[in-house]
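Could you slot chain P onto chain S? The hints should help.
These are the residues of each chain, in order.
2 protein chains.
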Amino acid sequence: MKPIQVGLLGIGTVGGGTFSVLQRNQDEIRRRAGRGIEISMVADLDTERARSVVGDKAKVVADAREVIGNPDIDVVVELIGGYGIAKALVLEAIAAGKHVVTANKALLAVHGTEIFKAAAEKGVMVSYEAAVAGGIPIIKALREGLTANRIQWVAGIINGTTNFILSEMRDKGLDFDVVLKEAQRLGYAEADPTFDIEGVDAAHKVTLMSSIAFGIPVQFDKAYVEGITKLAAADIKYAEQLGYRIKLLGITKRTAKGIELRVHPSLVPAKRLIANVEGAMNAVVVNGDAVGATLYYGKGAGSEPTASAVIADLVDIARLHEADPEHRVPPLAFQSSSLVAAGGDLPVLPMADVVTSYYLRIRVSDEAGVLAKITGLLANAGISIDAVLQREADEVGGEGSTQTDLIILTHDTREGDMDRALAEIQGLPTVLAPINRIRKEELSN
Amino acid sequence: MKPIQVGLLGIGTVGGGTFSVLQRNQDEIRRRAGRGIEISMVADLDTERARSVVGDKAKVVADAREVIGNPDIDVVVELIGGYGIAKALVLEAIAAGKHVVTANKALLAVHGTEIFKAAAEKGVMVSYEAAVAGGIPIIKALREGLTANRIQWVAGIINGTTNFILSEMRDKGLDFDVVLKEAQRLGYAEADPTFDIEGVDAAHKVTLMSSIAFGIPVQFDKAYVEGITKLAAADIKYAEQLGYRIKLLGITKRTAKGIELRVHPSLVPAKRLIANVEGAMNAVVVNGDAVGATLYYGKGAGSEPTASAVIADLVDIARLHEADPEHRVPPLAFQSSSLVAAGGDLPVLPMADVVTSYYLRIRVSDEAGVLAKITGLLANAGISIDAVLQREADEVGGEGSTQTDLIILTHDTREGDMDRALAEIQGLPTVLAPINRIRKEELSN
Numbered sequence: 223m224k225p226i227q228v229g230l231l232g233i234g235t236v237g238g239g240t241f242s243v244l245q246r247n248q249d250e251i252r253r254r255a256g257r258g259i260e261i262s263m264v265a266d267l268d269t270e271r272a273r274s275v276v277g278d279k280a281k282v283v284a285d286a287r288e289v290i291g292n293p294d295i296d297v298v299v300e301l302i303g304g305y306g307i308a309k310a311l312v313l314e315a316i317a318a319g320k321h322v323v324t325a326n327k328a329l330l331a332v333h334g335t336e337i338f339k340a341a342a343e344k345g346v347m348v349s350y351e352a353a354v355a356g357g358i359p360i361i362k363a364l365r366e367g368l369t370a371n372r373i374q375w376v377a378g379i380i381n382g383t384t385n386f387i388l389s390e391m392r393d394k395g396l397d398f399d400v401v402l403k404e405a406q407r408l409g410y411a412e413a414d415p416t417f418d419i420e421g422v423d424a425a426h427k428v429t430l431m432s433s434i435a436f437g438i439p440v441q442f443d444k445a446y447v448e449g450i451t452k453l454a455a456a457d458i459k460y461a462e463q464l465g466y467r468i469k470l471l472g473i474t475k476r477t478a479k480g481i482e483l484r485v486h487p488s489l490v491p492a493k494r495l496i497a498n499v500e501g502a503m504n505a506v507v508v509n510g511d512a513v514g515a516t517l518y519y520g521k522g523a524g525s526e527p528t529a530s531a532v533i534a535d536l537v538d539i540a541r542l543h544e545a546d547p548e549h550r551v552p553p554l555a556f557q558s559s560s561l562v563a564a565g566g567d568l569p570v571l572p573m574a575d576v577v578t579s580y581y582l583r584i585r586v587s588d589e590a591g592v593l594a595k596i597t598g599l600l601a602n603a604g605i606s607i608d609a610v611l612q613r614e615a616d617e618v619g620g621e622g623s624t625q626t627d628l629i630i631l632t633h634d635t636r637e638g639d640m641d642r643a644l645a646e647i648q649g650l651p652t653v654l655a656p657i658n659r660i661r662k663e664e665l666s667n
Numbered sequence: 223m224k225p226i227q228v229g230l231l232g233i234g235t236v237g238g239g240t241f242s243v244l245q246r247n248q249d250e251i252r253r254r255a256g257r258g259i260e261i262s263m264v265a266d267l268d269t270e271r272a273r274s275v276v277g278d279k280a281k282v283v284a285d286a287r288e289v290i291g292n293p294d295i296d297v298v299v300e301l302i303g304g305y306g307i308a309k310a311l312v313l314e315a316i317a318a319g320k321h322v323v324t325a326n327k328a329l330l331a332v333h334g335t336e337i338f339k340a341a342a343e344k345g346v347m348v349s350y351e352a353a354v355a356g357g358i359p360i361i362k363a364l365r366e367g368l369t370a371n372r373i374q375w376v377a378g379i380i381n382g383t384t385n386f387i388l389s390e391m392r393d394k395g396l397d398f399d400v401v402l403k404e405a406q407r408l409g410y411a412e413a414d415p416t417f418d419i420e421g422v423d424a425a426h427k428v429t430l431m432s433s434i435a436f437g438i439p440v441q442f443d444k445a446y447v448e449g450i451t452k453l454a455a456a457d458i459k460y461a462e463q464l465g466y467r468i469k470l471l472g473i474t475k476r477t478a479k480g481i482e483l484r485v486h487p488s489l490v491p492a493k494r495l496i497a498n499v500e501g502a503m504n505a506v507v508v509n510g511d512a513v514g515a516t517l518y519y520g521k522g523a524g525s526e527p528t529a530s531a532v533i534a535d536l537v538d539i540a541r542l543h544e545a546d547p548e549h550r551v552p553p554l555a556f557q558s559s560s561l562v563a564a565g566g567d568l569p570v571l572p573m574a575d576v577v578t579s580y581y582l583r584i585r586v587s588d589e590a591g592v593l594a595k596i597t598g599l600l601a602n603a604g605i606s607i608d609a610v611l612q613r614e615a616d617e618v619g620g621e622g623s624t625q626t627d628l629i630i631l632t633h634d635t636r637e638g639d640m641d642r643a644l645a646e647i648q649g650l651p652t653v654l655a656p657i658n659r660i661r662k663e664e665l666s667n
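Protein chains in written order, with the working numbering: chain S, 223 to 667; chain P, 223 to 667.
Because the hints were derived from the structure by calculation, they are not lab data.
On a predicted model such as this, the values are computed, not experimentally measured, just so you know.
Check the hints yourself; a few may be wrong.
Identical copies go unnamed one by one, so any copy, or any two together, can satisfy a pair.
[Stated by the list, open to error] For lysine to aspartate or glutamate, the following DMTMM-like pairs were computed, each having C-alpha atoms within a straight-line distance of at most 20 Å:
(1) Lys479 - Glu250
(2) Lys224 - Glu260
(3) Lys452 - Asp414
(4) Lys224 - Glu548
(5) Lys309 - Glu336
(6) Lys309 - Glu288
(7) Lys493 - Glu462
(8) Lys493 - Asp393
(9) Lys459 - Asp397
(10) Lys459 - Glu664
In isolation and in its complexed conformation, chain S is listed as follows (with noise of 0.2 Å):
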């Protein structure tokens, strides 16, 4: 049978990878998929780096249109990123006839359900295993592996950048500023980290979970994202010794309001497999009522480790593309016609009615009656305290003045509340700096 032929946009680290894959498991991957696979053209502004790359093995342009347009191409591999022209490029490919595979969670994250929907008029598959977890097979899971279970949440490391400077801060005891430079210097973040650092990267990547786990279309602008800036060394030195390690979570849930999403820093309880995940390493948990909570962990980036993803879907073509697309794994792991409309069934919850428990580091003057109107002022709110640990004084500024840090964990509060609670808290003269509140995630079963 004749080999899938492949046209790539974009030869940069993961096409680079994609293509040394292809070509050094060409044997294994043809066994699996019961045809070949070629890269056959290669498009990249860049052309003298993608020839230094193809050699002779795929032709090289550097007009993206001329891959689209050439009708011996089967498949069309998106590796630009971005919104941009990459969504010009996807929607063409699409009207081309041609399938598509990409690694850009931005796009689908924004303009998915286009995306999904001109896909299915033509009867092309758009795969997209990169976008998530780089080289974890979590799309795969959560749309063929789970498809028994009504999903209750997920919840993910999936960002290595963000990751990788908070295993440093914890292991070396430094704030969020000096990881970071030393992540740049050693090529884990950035030169503009603002992405990563800001948890935009992990909310376009928990924005297509929850659309996958809940059937509900993608809704990146109903998302909460805050990143892990503001954490302190200090932060992560108490919640180590309450029993939680902080990561930035990305995390979507079924609630009987609505569906929670949501990326913030969190406190894991440390003996949950995900809390020692460290380093720039990825991980999943999905918790469904018939399988309990299954984890997924590997590497999240990387030119290799993502182009197996890609890889993955092209002999997931090769396998399927004859099925009759009615019946084919569809993109967001529920039927098109079945996807609960936006604002449906199912709306994004705001924030106000997320419903979590918090860690609270209050910086208070060590003063009489100070713990009794803190606590005062949460019970009026209706928020009970799981735990509280107050520190030795540090002598601070002149006459004998001292302050200290006060940390309270709370029980499960609606966020709303909460907000007015540390507003009033926040108000009082006793307290002597911004609260930091980060949310607290027991991920239990």
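Frame of chain S, contents of chain P only:
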């Protein structure tokens, strides 16, 4: 579209779970599968129990052949277990043109080649996600998620009973026999626990994973199988002191000479995620050349976790059964024409040719020169030592004679060389008890 009609053979723990999860989540499953999935017939010798489970929702019969012979049934789910009648019924179902889903690892590990061949000839699917690691979609990960990779090795905790026993031994410092009794009382171990504690169940499962990972026929008869019955609390304690945990691992590895296929207790570095998998949970690490190490974790047994895997197979069949049989996902990951013949390029190696490292516990009389003598014999056999732990001598016996445990960790060694060296060491007059030898796996990336 008409719902897929499913016939269940056997409605015990897993069958009951399958029925109730399919009922409970039927809307969600239909939205994913694109059509309903209905259990319309159930065969069980205990028709009364079967009726108490399914009520009037399905026809109950005592004779499995009534299900197989019913032209309205699309898929037969075999949950009887064992090699006997289950094999005959699976082959009859295939001959009748039914797709088959089974959780029967023993059957497939021994007769899989015959069964998959019959299915290929008939153009039907045989799915068995539930046969390995319960609800964890590990078959799908190996067969579809990691198709880009040349798999290097797979190592898993794939038997919950033994992992529960080992966790309890470590937690409570108890010996094997004591904990086994407790596990039986709690329902974690069966009245006859032989298959679990002797490693047979794990060997069935790793045999299947070996076949999928490397594209070889199932070869259970070539697996090396050693259980956990000889482990002492002391071994777990010494391992801990050296930075290791002891786990019963199913391991299959590609080497230049062939395939390793083995089940035995293994020391694993305590810092590895898999070393921290506790209780009855399962986890599998897969190492591929492109993706590196990935890990899959979850419940490996139980009614609904196993049902989760059975139903995922049913959804796959609903989605794919109209696809061209030549291009569906092949049951053993590689197209059947592409499997390497047994004993061909990739023979399963005899245990003597396996290369690994070792933990040795040697009970010696505490006298001058013992360590020199033993390490000399190891050196003569070309075995190099990684670490030695010598405990303070216990006072045992009269006349001031004392004994002590000598713990040795070795570097990589051919098992056959180790066997010969141990025979010599065992013969020394200063060695007072049978040497306990446990293999050690670093499981590094």
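Against the structure shown, which of the earlier numbered hints fail to hold, in ascending order? none
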